[in-house]
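*Asks:* The listed protein sequences derive, respectively, from chains A, B, C, D, E and F.
Quick note: the first sequence uses the UniProt record's numbering, first residue 1, plus one each step.
Quick note: the second sequence uses the UniProt record's numbering, first residue 1, plus one each step.
Quick note: the third sequence uses the UniProt record's numbering, first residue 1, plus one each step.
Quick note: the fourth sequence uses the UniProt record's numbering, first residue 1, plus one each step.
Quick note: the fifth sequence uses the UniProt record's numbering, first residue 1, plus one each step.
Quick note: the sixth sequence uses the UniProt record's numbering, first residue 1, plus one each step.
Where hints are given, some of them may not hold.
Because identical chains share one entry, a pair is satisfied inside a single copy or across any pair of copies.
Pairs of lysine-lysine residues, derived as BS3-like cross-links and limited to a Cα-Cα distance of at most 27 Å, are as follows [said to hold, decoys possible]:
#, residue 1, residue 2
1, K23, K199
2, K208, K23
3, K68, K199
4, K9, K236
5, K236, K208
If you're looking for bench data, these hints aren't it; they were derived computationally from the structure.
All values derive from a computational prediction rather than experimental measurement.
Protein chains: 6
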Amino acid sequence: MSHEIPFLKPPDQAVFRDHMETKVAHWIRQWDGEEQLLAGIIGIPLSKASISHSGASTTPAAVRAAFKSFTTYSMEYDVDLQDLAVRDLGDIHMHVTDIAECHRRIEASLRALYNAQPDIIPIIFGGDHSTSCPSIQAFVSRHPSQRVGLLHFDAHHDVRNFEDGGVTNGTPFRGILESGAVQGDHIVQIGIRGFMNAKPYHDYVVSKGVHVYTSRDIRRIGMDEVLTQALQLVGKGTDVLYVSFDVDVIDQAYAPGCPAIGTGGVNPWDALDALYRLGTLPQVQGLDFVCIDPTVDVRNVTSRLAVQFMLSFLAGVAARSK
Amino acid sequence: MSHEIPFLKPPDQAVFRDHMETKVAHWIRQWDGEEQLLAGIIGIPLSKASISHSGASTTPAAVRAAFKSFTTYSMEYDVDLQDLAVRDLGDIHMHVTDIAECHRRIEASLRALYNAQPDIIPIIFGGDHSTSCPSIQAFVSRHPSQRVGLLHFDAHHDVRNFEDGGVTNGTPFRGILESGAVQGDHIVQIGIRGFMNAKPYHDYVVSKGVHVYTSRDIRRIGMDEVLTQALQLVGKGTDVLYVSFDVDVIDQAYAPGCPAIGTGGVNPWDALDALYRLGTLPQVQGLDFVCIDPTVDVRNVTSRLAVQFMLSFLAGVAARSK
Amino acid sequence: MSHEIPFLKPPDQAVFRDHMETKVAHWIRQWDGEEQLLAGIIGIPLSKASISHSGASTTPAAVRAAFKSFTTYSMEYDVDLQDLAVRDLGDIHMHVTDIAECHRRIEASLRALYNAQPDIIPIIFGGDHSTSCPSIQAFVSRHPSQRVGLLHFDAHHDVRNFEDGGVTNGTPFRGILESGAVQGDHIVQIGIRGFMNAKPYHDYVVSKGVHVYTSRDIRRIGMDEVLTQALQLVGKGTDVLYVSFDVDVIDQAYAPGCPAIGTGGVNPWDALDALYRLGTLPQVQGLDFVCIDPTVDVRNVTSRLAVQFMLSFLAGVAARSK
Amino acid sequence: MSHEIPFLKPPDQAVFRDHMETKVAHWIRQWDGEEQLLAGIIGIPLSKASISHSGASTTPAAVRAAFKSFTTYSMEYDVDLQDLAVRDLGDIHMHVTDIAECHRRIEASLRALYNAQPDIIPIIFGGDHSTSCPSIQAFVSRHPSQRVGLLHFDAHHDVRNFEDGGVTNGTPFRGILESGAVQGDHIVQIGIRGFMNAKPYHDYVVSKGVHVYTSRDIRRIGMDEVLTQALQLVGKGTDVLYVSFDVDVIDQAYAPGCPAIGTGGVNPWDALDALYRLGTLPQVQGLDFVCIDPTVDVRNVTSRLAVQFMLSFLAGVAARSK
Amino acid sequence: MSHEIPFLKPPDQAVFRDHMETKVAHWIRQWDGEEQLLAGIIGIPLSKASISHSGASTTPAAVRAAFKSFTTYSMEYDVDLQDLAVRDLGDIHMHVTDIAECHRRIEASLRALYNAQPDIIPIIFGGDHSTSCPSIQAFVSRHPSQRVGLLHFDAHHDVRNFEDGGVTNGTPFRGILESGAVQGDHIVQIGIRGFMNAKPYHDYVVSKGVHVYTSRDIRRIGMDEVLTQALQLVGKGTDVLYVSFDVDVIDQAYAPGCPAIGTGGVNPWDALDALYRLGTLPQVQGLDFVCIDPTVDVRNVTSRLAVQFMLSFLAGVAARSK
Amino acid sequence: MSHEIPFLKPPDQAVFRDHMETKVAHWIRQWDGEEQLLAGIIGIPLSKASISHSGASTTPAAVRAAFKSFTTYSMEYDVDLQDLAVRDLGDIHMHVTDIAECHRRIEASLRALYNAQPDIIPIIFGGDHSTSCPSIQAFVSRHPSQRVGLLHFDAHHDVRNFEDGGVTNGTPFRGILESGAVQGDHIVQIGIRGFMNAKPYHDYVVSKGVHVYTSRDIRRIGMDEVLTQALQLVGKGTDVLYVSFDVDVIDQAYAPGCPAIGTGGVNPWDALDALYRLGTLPQVQGLDFVCIDPTVDVRNVTSRLAVQFMLSFLAGVAARSK
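Model the full assembly from the supplied sequences, consistent with the hints where possible.
*Replies:* Below you can see the structure in the form of structure tokens.
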């Protein structure tokens with residue numbers, strides 16, 4: 001838009017802007033399709049694979065809206081992120097009614113992305129948790145000669161059977177385990193909660209060698225110690241790590257905008273610290289946030305939380321090269 | 001964004017689109033700064049001039065969001081608007097704390113616009129009603145050799161004194177009348193309601209020769225007849241008409257998202273018909289919609305209403321040339 | 001508060017006030033306990049007699065809050081109410097847990113009021129509809145030598161049996177009929193709706209000689225004709241009239257803040273006109289509005305509606321003496 | 001539950017009940033699987049076929065909850081429905097992730113139902129509008145020797161192409177027309193609205209011989225006349241009629257709980273009258289209500305509306321045999 | 001319902017169910033009136049005894065609805081509850097308008113229950129706190145030869161005078177103390193908060209020998225230590241314990257759905273641990289949760305909290321026999 | 001109001017009152033304009049200086065409404081405040097459209113107040129944070145011979161440049177620093193958060209000698225230690241202290257009703273303790289709470305929080321004289 005009419009501007013420019021301040025929304029601009037990236041934001045607007053009614057498909061939009069609320073600078077970590085090559089790659093286009101096709105598209109799109117951008121750290125905003133299975137499949141295929149470990153933050157094991165409902169937000173880690181893409185003992189689940197999982201599924205993950213830390217473990221021995229142990233366990237025999245972060249691992253008071261909420265969960269400070277630390281580790285090469293439902297949230301607090309989690313992680317990434 | 005990664009698209013493109021359907025959002029795209037336009041959308045995100053707490057500054061964004069909910073075609077008026085040169089000119093950039101400056105900017109920006117686009121029909125989304133005063137001033141100055149008439153749809157006279165609060169959403173027609181920009185008998189107010197105005201202000205407008213039709217008049221003799229009479233009255237001795245439409249003229253059941261709501265107002269069908277008819281009249285050269293507060297609305301119904309009002313008006317405009 | 005500190009004022013005065021405008025809140029000030037009144041506002045904050053969960057006890061406060069939103073002047077009725085002696089008498093203090101005592105207090109308080117103010121027109125804001133029974137009992141006792149007629153606007157007959165729940169919001173007119181305070185054929189019920197009443201209760205009122213106009217009757221023959229017939233029926237053999245207005249007689253789209261909502265009801269314009277007309281009749285000596293639940297309302301629209309109903313009625317009252 | 005503990009009852013019995021009153025919830029009890037029925041309530045909790053995010057899958061539960069708010073008796077139609085053999089048949093069990101399977105189940109289940117209950121009038125509560133296609137297919141197969149006509153109340157034509165999103169809530173009448181199940185000139189669409197449909201789809205239905213009445217037609221010539229004409233058109237050469245009622249045909253002020261809302265729609269009184277009249281016609285043998293989204297509704301008003309629509313229809317049915 | 005129509009099921013069965021998972025809703029089914037129970041759920045839908053407007057009467061329904069959100073298994077406590085004989089006994093039927101009668105019914109019903117089920121652990125969901133007085137009276141009478149101790153978690157002392165409002169949610173422990181049912185020094189109040197109680201009531205409980213731990217005490221010395229001291233104090237000379245848990249003892253950020261909310265309260269983790277520990281103690285024979293108001297809650301979080309509290313307690317109970 | 005009508009009372013008296021209980025609302029009554037006060041409540045209903053849309057102008061009303069929810073007594077601090085001379089001085093009357101004039105009025109009004117009440121501790125409820133600049137200017141001028149120190153609790157530095165938007169809620173401490181009213185090294189900022197401030201502003205405050213404690217510092221070394229260090233730093237060379245408390249320093253889970261919310265903030269217990277301690281210090285002579293927006297709050301929790309903060313502070317003040 002080029003004209004000489006004073007004060008008339010595109011809507012997103014006709015707003016207050018402090019010229020000394022860089023917001024995340026200014027920094028993480030749309031990818032040009034060519035720039036080699038340190039990290040890239042990818043949205044997966046899918047929630048029809050969810051067992052319960054979920055508006056998780058609106059998460060990418062809600063998260064981008066929250067990019068306007070934060071700056072690139074943290075005196076707490078002494079870092080300004082604005083020169084990092086992090087861009088917004090957009091969303092993976094979902095089919096309206098063919099859910100299996102949606103999952104195929106996720107894997108196909110991410111495989112192509114990893115070919116084009118071999119070093120990119122994907123930061124994926126689901127969508128429901130079913131999106132993590134094809135995402136991790138693509139991630140594994142990206143590292144054919146390396147073994148992949150998974151750090152899975154969640155209140156739930158997410159290893160339901162496939163007979164009762166097909167491939168849903170309750171099955172991603174069943175899918176991963178059954179496919180053999182990742183070995184059970186290369187997976188650590190953190191924040192699993194009592195009275196939110198069936199015993200057969202706990203027994204199943206244990207039988208597969210998956211390591212489990214409950215939310216109560218975190219309260220008792222501290223997130224820092226849990227993470228130290230988890231990294232040790234998952235690090236044995238693996239080369240790269242993928243972090244799948246279901247936001248319902250956080251207590252309902254802090255993350256009311258998840259479909260399956262409850263109390264007794266992790267608090268945000270512990271999560272912020274954990275994600276910073278994971279950011280600092282060069283082997284962590286992928287990250288997703290899933291199962292936020294902005295349509296039932298309160299003042300978008302849960303999407304804001306996810307953005308702050310992402311920023312903590314990227315502050316850690318920024319510290320890698322130091 | 002040019003790349004070959006399948007399914008990965010900018011967020012606004014990674015959504016369902018029916019290739020046979022044109023939405024208003026597809027049609028009213030951003031102005032390129034050069035195209036000569038039939039009509040142009042202009043947002044004025046100002047509500048700090050409002051006496052009561054108001055989020056009217058968010059109206060332009062809410063209205064644009066509702067552009068996605070409507071198509072360009074009406075079988076009711078047998079018209080498809082998609083070839084009309086109507087574009088989105090953006091918003092007039094408001095000062096954060098200097099309200100008088102905001103009003104100056106509105107007038108300056110619109111004057112410049114009218115110079116650049118002598119034949120454009122401005123369709124302005126406020127903002128509170130204070131924006132109509134500088135808007136009409138600019139409109140009058142655009143037609144130096146012609147006399148301007150005003151059709152003012154509103155529950156309120158909007159001619160408060162300036163001593164008690166300065167230039168507010170309660171004073172635009174006081175401002176117009178005192179400045180002499182438009183003569184009192186070239187103004188018709190339609191939809192004014194009992195128990196929502198002070199007697200001295202009713203007496204004031206009457207003393208100035210302003211013609212008043214109440215909401216009860218509309219119920220009794222019909223909007224069609226009211227409009228016929230109003231056009232006759234306002235048409236005497238004027239060459240061009242400006243329509244200022246305060247959405248609170250509509251009953252609270254249909255327009256709950258206005259700051260000053262109440263019952264006994266106009267129903268939407270009457271307003272849709274009236275705006276269509278005004279659209280058909282070549283002398284109608286400007287239109288504003290004001291005093292929607294999307295922050296207190298229910299499911300954005302009031303912004304949707306305003307979009308449908310605009311589309312009815314443009315359907316009328318489309319019929320002008322026939 | 002008397003001091004010389006500039007700009008510092010009691011909270012209700014440190015707000016915008018247009019010195020040329022009189023709001024209802026300025027006009028209907030607190031009664032001094034002595035002034036002889038034309039009409040008086042009385043709140044009855046009781047909803048524990050309601051069968052379903054109801055916040056009707058908060059209606060008096062919600063209605064008073066809405067007094068700030070309206071002025072005293074209507075050009076639609078050519079009247080300015082501000083010189084009428086209408087004051088706010090306050091609320092009748094309810095017992096916390098003894099509901100029968102609450103009903104006794106209502107009757108005792110109103111009897112004493114009618115002794116002190118023999119000519120006052122009470123305008124009572126409930127509270128649930130159980131409050132109308134003691135209110136009407138007091139009203140009848142005020143006119144020992146006169147026969148009282150009732151105009152009852154409601155979606156419901158309100159003549160439930162007493163065995164199943166005692167004296168509730170479902171029983172006021174059973175109470176009136178059984179006590180003999182008012183004869184059945186001196187009662188007209190207006191706006192009664194299908195699928196909202198049990199057949200035995202319809203049969204009961206018919207057997208008592210009560211006249212019934214349904215909401216559908218109003219749509220078919222018009223509120224004006226219904227009211228003409230109703231006044232003729234209720235006027236035979238009666239000297240004074242009391243109007244009990246359950247706001248759920250209005251369609252749910254216009255009065256969403258009632259406990260028992262539904263569609264197919266009366267529209268507000270018809271109600272405004274009816275109340276104006278009732279206001280003009282000297283025999284109408286009492287009025288109550290009941291069964292608003294502000295805690296479930298949308299933007300207080302239902303309380304605003306009730307205030308506008310009251311203002312229409314008072315505009316009628318103002319016309320009596322003309 | 002059989003015990004002698006006083007006052008202790010199952011939750012649904014430990015509530016107020018007026019022994020003289022029959023609620024719809026008491027009357028329409030669960031079907032025993034054997035009783036031959038006049039009409040049966042069937043829920044289809046599917047909304048994953050919806051283009052936009054929709055909670056229509058929660059409609060059956062919301063509608064049943066509203067059964068508690070209405071009685072079986074209407075003095076407006078002089079009818080008490082409580083002896084009609086209308087029962088609740090339950091919901092059709094949807095697959096979690098296979099939407100095509102969901103549609104197959106709807107058709108299979110209804111075909112079996114029609115075999116078991118050859119004379120039942122199905123009253124189906126969707127779900128999104130995609131459910132109407134298999135529902136109508138089953139209905140057509142039920143009457144192999146008879147020709148079926150459709151009365152389709154909707155703001156939208158619902159004949160989108162299948163390429164862009166598959167079988168969705170936007171395609172049911174495309175599906176019906178393409179399959180040849182019902183001829184175009186045996187279909188009347190009522191309440192279609194401008195600026196809510198694409199021109200190619202209007203042209204498509206016209207080319208197929210479908211008769212279209214817009215919402216504006218209803219305002220202009222009246223619902224009664226529209227229905228008379230529609231019945232004449234659809235009645236030519238057909239033996240039985242199916243009514244598909246998309247609740248978004250109603251104006252947004254009265255039905256805010258639909259996914260695609262807007263103003264300019266039908267008002268509830270017209271719909272109540274139309275459904276009563278359709279109920280009286282012996283050839284009307286099936287009815288569905290679709291596209292309510294209770295998760296975005298206000299005080300469940302839209303589900304209440306649907307229940308009142310159903311009751312009006314059944315009042316008409318009750319009058320058939322008279 | 002027995003028929004052969006495929007996929008058609010009662011509404012509560014036509015939903016996703018994982019056949020390997022047992023939800024609390026599947027486990028705690030309706031009592032058959034005969035089975036001897038370990039524990040039983042009893043609802044008391046009363047809130048008309050509340051001083052402030054309260055929807056606590058809807059708690060039993062809200063809590064039962066939340067039973068669907070949790071499973072019977074906790075890996076955190078290594079327990080699966082599904083074989084425990086815990087059933088839903090239903091609600092105690094309240095009178096609509098006679099609050100004293102409501103309290104009599106509570107006591108009568110529970111006395112009869114304790115006769116029929118001498119070993120049952122009642123888990124009572126109020127209702128407002130007034131329900132605890134008759135509940136405790138029944139509990140005391142159940143153990144005629146034993147002395148009863150009370151652990152009372154609450155932000156408030158709940159010992160108001162009876163003169164100002166009668167028997168309300170503010171008086172249960174005044175009622176207990178005055179009746180002599182439980183001695184003051186057999187009562188410990190935990191979580192009492194500053195600026196939420198009047199000094200005379202604090203002095204009163206102290207004068208009666210009641211032991212008080214404030215919310216601040218819990219922060220300072222830890223819930224574990226507070227509970228140890230409390231059990232020691234209350235255990236002296238008592239044989240059985242009753243726990244009355246007013247959910248407003250929890251900080252408003254975690255339990256926003258209580259009538260009287262505020263900050264500075266207990267956090268949920270401390271409460272979960274305390275209830276587990278109380279569950280393990282054989283002397284704890286009764287438990288109630290009161291003063292949740294689901295009508296003002298956010299996403300039902302407060303009812304979910306209460307369910308998780310109950311599950312922690314029952315996990316403790318399960319550990320008793322080990 | 002003096003009359004003999006039983007039970008009829010002014011609305012605020014016709015409510016339950018426990019005669020043994022003193023609420024904050026009873027204690028902090030309106031100032032008579034003469035009484036010499038220990039502390040005074042002053043409201044500043046201004047939010048038009050806010051960069052983002054804010055309803056902070058409604059805070060004084062929301063806070064006063066919350067005075068009804070708390071008592072004067074805390075057993076946690078062993079104090080009953082009801083005899084302290086703390087009164088409500090009302091609000092400073094804001095201009096409707098001249099924001100600079102609003103700021104002038106704040107300073108003028110407070111200067112006059114300090115003249116009239118040389119020893120008063122002002123407790124100011126904004127309003128947005130722009131109000132603190134004139135407030136502190138007045139405070140500094142009150143102590144001409146003393147040096148003033150500032151304790152500033154906030155997530156933000158609030159030292160934006162003036163070019164981009166003028167004097168806003170983002171600039172108060174820029175204003176203080178540039179004017180020289182308070183030296184940089186006499187200011188401590190507590191609770192500043194990462195990703196919520198621009199680097200140039202952090203550099204600016206550091207360059208001015210301002211001491212900064214981040215929210216993370218508080219988590220790591222404890223609020224108590226932070227406050228000890230802060231008091232030591234700010235106490236060097238100063239005589240009196242002013243505390244400016246932006247409520248967004250609190251984590252969004254506890255204070256959702258602030259315009260700029262986020263996680264990672266201070267928890268309320270730490271704030272309650274800090275404010276008590278500041279209350280005990282004789283050098284603390286002024287306090288403001290700003291940036292609450294009650295229009296977006298959840299159940300008024302954020303205003304309740306602010307009242308509890310005030311009460312903790314006053315409990316500290318009460319302990320000064322001991």
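*Asks:* Next, verify each hint and record whether it holds.
*Replies:* Comparing the hints with the structure gives:
In the homo-oligomer, the alpha carbons of K23 and K199 lie at most 27 Å apart only across protomers (11 Å), although the nearest pairing inside one protomer, at 46 Å, exceeds that limit. For a Cα distance limit of 27 Å, the shortest separation of K208 from K23 across copies, 24 Å, qualifies, whereas the shortest one inside one copy, 44 Å, does not. In the homo-oligomer, the alpha carbons of K68 and K199 lie at most 27 Å apart only across protomers (16 Å), although the nearest pairing inside one protomer, at 43 Å, exceeds that limit. For a Cα distance limit of 27 Å, the shortest separation of K9 from K236 qualifies neither inside one copy, at 56 Å, nor across copies, at 38 Å.
In this assembly of identical chains, the alpha carbons of K236 and K208 lie at most 27 Å apart only when taken from the same copy (16 Å versus 50 Å across copies).
In terms of the numbered hints stated before, the structure departs from hint 4 and from no other.
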